[in-house]
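If you read the sequences in order, they're chains H and F. Read in order, the letters of the first sequence are residues 239 to 374 in the working numbering. Read in order, the letters of the second sequence are residues 239 to 374 in the working numbering.
Because the hints were derived from the structure by calculation, they are not lab data. Some hints could be false.
Which copy is meant is left open, so a pair is good if it fits within one copy or across any two.
To be verified - Only pairs whose alpha carbons sit at most 27 angstroms apart, straight line, appear in this in silico BS3-like list of lysine-lysine: (1) K257 with K313; (2) K290 with K247; (3) K257 with K290; (4) K290 with K313; (5) K313 with K254; (6) K276 with K313; (7) K257 with K247; (8) K254 with K290; (9) K276 with K257; (10) K276 with K260; (11) K313 with K247.
Number of protein chains: 2
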Amino acid sequence: MNQLEEGNKLQLDFAKLAKSVKISPDIIPVAVQNIDTKEVILVAYVNELALKTAVETRTAVFWSTSRNELWEKGKTSGEVFDLVEVYVNCEQNSLLFKVRPRRGGICHTRNAQAQPRNCYYRRLNLDSSELENIDP
Amino acid sequence: MNQLEEGNKLQLDFAKLAKSVKISPDIIPVAVQNIDTKEVILVAYVNELALKTAVETRTAVFWSTSRNELWEKGKTSGEVFDLVEVYVNCEQNSLLFKVRPRRGGICHTRNAQAQPRNCYYRRLNLDSSELENIDP
Chain H
239 MNQLEEGNKL QLDFAKLAKS VKISPDIIPV AVQNIDTKEV ILVAYVNELA LKTAVETRTA
299 VFWSTSRNEL WEKGKTSGEV FDLVEVYVNC EQNSLLFKVR PRRGGICHTR NAQAQPRNCY
359 YRRLNLDSSE LENIDP
Chain F
239 MNQLEEGNKL QLDFAKLAKS VKISPDIIPV AVQNIDTKEV ILVAYVNELA LKTAVETRTA
299 VFWSTSRNEL WEKGKTSGEV FDLVEVYVNC EQNSLLFKVR PRRGGICHTR NAQAQPRNCY
359 YRRLNLDSSE LENIDP
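Excised from the complex, chain H in its bound form (with noise of 0.2 angstroms):
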């Protein structure tokens, strides 16, 4: 079992934005939400080129912040989340993505049936601070 992604310890990593930002300096992070559902599936990242190809092709486009590159979900996959509304905060250094899938789901990780998972499957429990898998 990979402890960090099924386990119910809490173990989050801090380290990750500030590695993110040395290696993609201009992304702003991007909430993603299920427009039918309304759950939020995914807080991933943008630049302006994962941006404007989004738009362009009307499906939910980002930018990797692992590999630094272009992360056009479901391109090899066939797991497409069309692109239907985009909004800005106020400040202009966040948005939201309502999306709708066309098939599959957003996360890498599987729940025992198979089926693909939103990406917060696990609740902190805010008594004993233990993670609690909501979709196992």
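Let chain H serve as the given structure and place chain F on it in line with the hints.
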């Protein structure tokens, strides 16, 4: 009129995140969702202290990357948001806060009726590339 906050021109601040991380390296992004309306109302950041304070007080607490200090939402204004649920993503590098306002709004901007807004009050017109205010 503050063009950045009220205007219809998309002028994303792609430099902000690198500046934030320089000042506050150990932060992770938090998507903030109203648990009742399901609206995404803010993307903010927490460090370890902010998350600890949020969980202890069961209220929305963040790390202000512009002031480099704890941002206890509503501490002076009284516009406190109860922290109902906290979720973590697969890679443990982002969070989702589900919150409920006791009163007031999350955004520092106000609409023409002087009511507080959620931060995503402008939608990008994907054809014209102009911003449309949905809560003017």
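Okay, the hints, checked on the actual structure:
1. Taking identical chains as interchangeable, the C-alpha atoms of K257 and K313 lie at most 27 angstroms apart only when both belong to the same chain, with a minimum of 26 angstroms there against 32 angstroms between chains.
2. For a Cα distance limit of 27 angstroms, the shortest separation of K290 from K247 across copies, 15 angstroms, qualifies, whereas the shortest one inside one copy, 38 angstroms, does not.
3. With identical chains, the CA atoms of K257 and K290 are at most 27 angstroms apart both within one copy (24 angstroms) and between copies (23 angstroms).
4. Taking the closest pair of Cα atoms, K290 and K313 come within 27 angstroms of each other only inside a single copy of the chain (16 angstroms); across copies the shortest separation is 39 angstroms, beyond that limit.
5. Only within a single protomer do K313 and K254 lie at most 27 angstroms apart by alpha-carbon distance; the minimum there is 25 angstroms, versus 29 angstroms between protomers.
6. Within a single copy, K276 and K313 get their C-alpha atoms as close as 24 angstroms, which meets the 27 angstroms cut-off; across copies the closest is 29 angstroms, which misses it.
7. Taking CA atoms no more than 27 angstroms apart as the test, K257 paired with K247 passes inside one copy only; the shortest distance there is 23 angstroms, against 31 angstroms between copies.
8. In the homo-oligomer, the alpha carbons of K254 and K290 lie at most 27 angstroms apart both inside one protomer (25 angstroms) and across protomers (19 angstroms), since each shortest distance falls under that limit.
9. Taking the closest pair of Cα atoms, K276 and K257 never come within 27 angstroms of each other, the shortest separation being 30 angstroms inside a single copy and 31 angstroms across copies.
10. Taking the shortest Cα distances, K276 and K260 never come within 27 angstroms of each other, neither inside one copy (32 angstroms) nor across copies (33 angstroms).
11. Proximity of K313 and K247 under a CA criterion of 27 angstroms is satisfied in neither setting, with 33 angstroms inside one chain copy and 31 angstroms between copies.
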